[in-house]
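Q: Protein sequences, first through last, are from chains A and B.
Per the working numbering, the first sequence starts with residue 1, numbered consecutively.
Per the working numbering, the second sequence starts with residue 1, numbered consecutively.
FYI, nobody ran anything at the bench for these hints, they're computed from the structure.
Any given hint could turn out to be false.
Computed cross-link-like contacts, EDC-like style, restricted to lysine to aspartate or glutamate with a CA-CA straight-line distance of at most 20 Å [unchecked claim]:
| id | chain 1 | residue 1 | chain 2 | residue 2 |
| --- | --- | --- | --- | --- |
| 1 | B | Lys22 | B | Asp59 |
| 2 | A | Lys57 | B | Asp27 |
| 3 | A | Lys57 | B | Glu2 |
| 4 | B | Lys68 | B | Asp84 |
| 5 | A | Lys13 | A | Asp85 |
| 6 | B | Lys22 | B | Glu5 |
Quick look at which bits of chain A chain B covers, simulated, 3 or more residues with Cβ under 8 Å [stated by the list, open to error]:
| id | stretch |
| --- | --- |
| 7 | 16-26 |
| 8 | 93-105 |
Sample of chain A residues with no beta-carbon within 12 Å of chain B, all distances over it, derived [to be verified]:
| id | residue |
| --- | --- |
| 9 | Ile12 |
| 10 | Glu52 |
| 11 | Pro61 |
| 12 | Phe64 |
| 13 | Asn77 |
| 14 | Glu82 |
Note that this is a predicted model, so its numbers are computed, not measured.
In this text, a Cβ means the ideal position worked out from N, Cα and C, and glycines have one as well.
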Amino acid sequence: KAGVTQTPRYLIKTRGQQVTLSCSPISGHRSVSWYQQTPGQGLQFLFEYFSETQRNKGNFPGRFSGRQFSNSRSEMNVSTLELGDSALYLCASSLDQSLETQYFGPGTRLLVL
Amino acid sequence: GENVEQHPSTLSVQEGDSAVIKCTYSDSASNYFPWYKQELGKGPQLIIDIRSNVGEKKDQRIAVTLNKTAKHFSLHITETQPEDSAVYFCAASRGGSYIPTFGRGTSLIVHP
């Protein structure tokens with residue numbers, strides 16, 4: 001069974017631009033969570049979607065948004081990029097309503113110049 | 001909310017030695033404690049987990065112990081090998097639809 005896939009793997013943007021990241025969960029998984037990983041802050045939870053509904057949300061500004069499609073694929077969008085948004089963005093999928101066992105993708109490394 | 005502290009931030013050992021990583025949590029309602037291994041260029045991968053009704057769990061060279069009273073849990077790796085070199089994360093969760101809280105990570109370096 002294929003794992004969690006994320007595209008693109010690497011991205012370079014400039015301040016003020018916006019970016020959209022994509023995540024395809026493991027086949028059959030209905031929950032998708034997004035995390036931001038930086039050396040200084042570790043793994044910070046962004047939001048989680050289950051059956052196309054945002055079920056959990058972390059403490060990030062409104063510039064960060066996401067959505068989930070009927071096939072469970074998810075996208076996250078960051079508008080008006082800032083230098084501090086440079087990070088590894090990780091997507092994790094879970095089989096059902098329980099978030100105990102999360103399977104992470106390889107991440108998208110975003111660099112904002 | 002939950003707060004998870006992880007120590008040490010860096011751990012350097014010789015091949016064959018044991019390595020121990022410790023985490024403490026604050027929310028007594030947390031009942032599920034997974035450990036993840038993140039290799040360079042990859043996402044975190046679940047390596048072992050423990051629930052609050054169990055004190056210890058082993059899987060070959062790795063083991064996790066949990067002390068609910070003291071609210072701390074530890075990862076033990078025996079007979080370390082160079083391929084064990086990675087960043088290890090602990091997490092604590094209430095289970096169900098609750099988002100896990102992660103520790104800051106421990107960079108384990110195993111010298112051949």
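Q: How does the stretch 16-26 of chain A fare against chain B when you require at least three residues with a CB closer than 8 Å, holds or violated?
A: violated (count 0)
Q: Could you grab the alpha-carbon distance between Lys57/A and Glu2/B and see if it respects the 20 Å cut-off?
A: holds, 15 Å
Q: Using Cβ atoms and 12 Å as the threshold, tell me whether Glu82/A really stays out of contact range of chain B.
A: Given a closest Cβ separation of 22 Å, the condition holds.
Q: The output says Ile12/A does not contact chain B. Does that hold with a beta carbon cutoff of 12 Å?
A: holds, 17 Å
Q: Over 12 Å from every CB of chain B: does Asn77/A meet that, or does the non-interface label fail?
A: holds, 20 Å
Q: Count residues of the stretch 93-105 of chain A with a Cβ under 8 Å from any Cβ of chain B, then say if the count reaches three.
A: Answer holds; 9 residues pass the 8 Å Cβ test.
Q: Verify the proposed pairing of Lys22/B with Asp59/B, using a straight-line Cα cut of 20 Å.
A: holds, 18 Å
Q: Lys13/A and Asp85/A: Cα distance at most 20 Å?
A: holds, 10 Å
Q: Decide, holds or violated, for the assertion that all CB atoms of chain B are farther than 12 Å from the CB of Phe64/A.
A: The claim stands: Phe64/A keeps its Cβ more than 12 Å from every Cβ of chain B (closest is about 15 Å).
Q: Would the pair Lys68/B and Asp84/B pass a check requiring their Cα atoms to be no farther apart than 20 Å?
A: violated, 27 Å
Q: Examine each Cβ of chain B, and state whether all of them lie more than 12 Å from the Cβ of Pro61/A.
A: holds, 18 Å
Q: Quick one, are Lys57/A and Asp27/B close enough, alpha carbons at most 20 Å?
A: Holds: Lys57/A and Asp27/B sit about 19 Å apart, inside 20 Å.
The structure fails hints 4 and 7 (numbered hints given earlier, in ascending order).
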